[in-house]
Amino acid sequence: MFWPWKRDKVLLRRKNDFNDIKVVQEKDGTNLLYLDKSSNIHSIYKHGMISTESYWDDFCIMPPIIGKGKIAILGLGGATTVYLYRKYWPYLKLNCWEIDPDLVDIARCFFGLADEENVKINIDNALSESFFNSGSYSLIIVDLFLDGSFLSSLQNPQTWKSIKKQIAPNGRLMVNLSGKNKKCLDVCDLIIAEFGNLCIKQTKEAANVLVFSGSLPDYETWKNSLPQSIKKRVHGWQVYKK
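For the sequence shown, this note's numbering gives the first residue as 99, with consecutive numbering after it.
A portion of the hints provided could be inaccurate.
Think about it this way: if two alpha-carbon atoms lie no more than 25 Å apart in a straight line, the pair counts; the simulated DSS-like pairs of lysine-lysine are [what the hints assert, rightly or not]:
#1 Lys262 / Lys280
#2 Lys340 / Lys144
#3 Lys107 / Lys125
#4 Lys144 / Lys330
#5 Lys262 / Lys302
#6 Lys339 / Lys302
#7 Lys166 / Lys144
#8 Lys280 / Lys340
Simulated restraints, written as ranges between beta carbons of each label pair [unchecked claim]:
#9 Asp222 / Gln326: 15 to 25 Å
#10 Glu214 / Gln326: 38 to 48 Å
#11 Leu109 / Glu303: 15 to 25 Å
#12 Lys144 / Gln256: 37 to 47 Å
#13 His145 / Gln256: 41 to 51 Å
#14 Lys339 / Asp115: 19 to 29 Å
#15 Glu214 / Lys259: 10 to 20 Å
It is worth saying that the hints were derived from the structure and are not from the lab.
Idealized CB from N, CA, C, for every residue including glycine.
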């Protein structure tokens with residue numbers, strides 16, 4: 099396909115009380131979402147894509163190692179994680195929280211978010227009563243940032259105590275902690291103090307630090323239970339040690 103512009107094209111700019119939003123389309127048709135002054139990409143989408151080759155794929159390797167039940171996504175962004183879950187695990191019920199209503203509209207317009215029976219979008223603070231009164235989950239994905247940094251409330255031990263109460267037996271927590279720094283490691287220590295066991299990975303593509311609660315699964319069994327395009331995401335995970 100011929101693209102009539104030589105450089106990346108800005109499809110949308112919008113600033114509100116929560117984010118400084120910019121949607122950029124690359125020459126190959128890939129849409130990227132920026133939410134602040136940093137260069138962090140908060141969502142990625144291309145029509146027909148089967149993976150992102152980045153940390154969103156890691157969010158999608160969890161279903162084989164958790165119990166049955168619905169999944170909570172705290173921090174929708176442009177809904178890249180939702181898009182991938184609908185592709186790989188369409189039978190799973192997703193309950194998502196996003197405080198910025200503009201982002202939900204933008205996800206529908208530019209990032210492949212569709213209205214589906216198994217996807218519920220809550221426009222609210224992800225750490226509000228609407229989440230804590232919503233029942234238990236087999237997996238809770240925490241992907242919450244403001245101005246390029248994760249929320250200060252995630253540095254509060256009580257937050258993790260409250261989140262743990264929402265996790266069903268045989269369930270897990272998964273968290274995007276962005277870059278590896280002292281704040282990140284401090285939060286790791288808070289999580290491990292509450293959950294006991296923690297696994298960690300620093301992605302090569304974006305240098306994001308991801309963690310999930312519980313023990314490290316057998317690599318081969320885990321890998322063989324995943325769709326082909328995301329099998330390699332099991333590599334790089336290791337037990338977190340203080």
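Right, here's what the structure says about each hint:
no.: 1; hint: Lys262 / Lys280; result: 23 Å, holds
no.: 2; hint: Lys340 / Lys144; result: 39 Å, violated
no.: 3; hint: Lys107 / Lys125; result: 8 Å, holds
no.: 4; hint: Lys144 / Lys330; result: 21 Å, holds
no.: 5; hint: Lys262 / Lys302; result: 29 Å, violated
no.: 6; hint: Lys339 / Lys302; result: 20 Å, holds
no.: 7; hint: Lys166 / Lys144; result: 30 Å, violated
no.: 8; hint: Lys280 / Lys340; result: 12 Å, holds
no.: 9; hint: Asp222 / Gln326: 15 to 25 Å; result: 36 Å, violated
no.: 10; hint: Glu214 / Gln326: 38 to 48 Å; result: 24 Å, violated
no.: 11; hint: Leu109 / Glu303: 15 to 25 Å; result: 23 Å, holds
no.: 12; hint: Lys144 / Gln256: 37 to 47 Å; result: 40 Å, holds
no.: 13; hint: His145 / Gln256: 41 to 51 Å; result: 42 Å, holds
no.: 14; hint: Lys339 / Asp115: 19 to 29 Å; result: 40 Å, violated
no.: 15; hint: Glu214 / Lys259: 10 to 20 Å; result: 32 Å, violated
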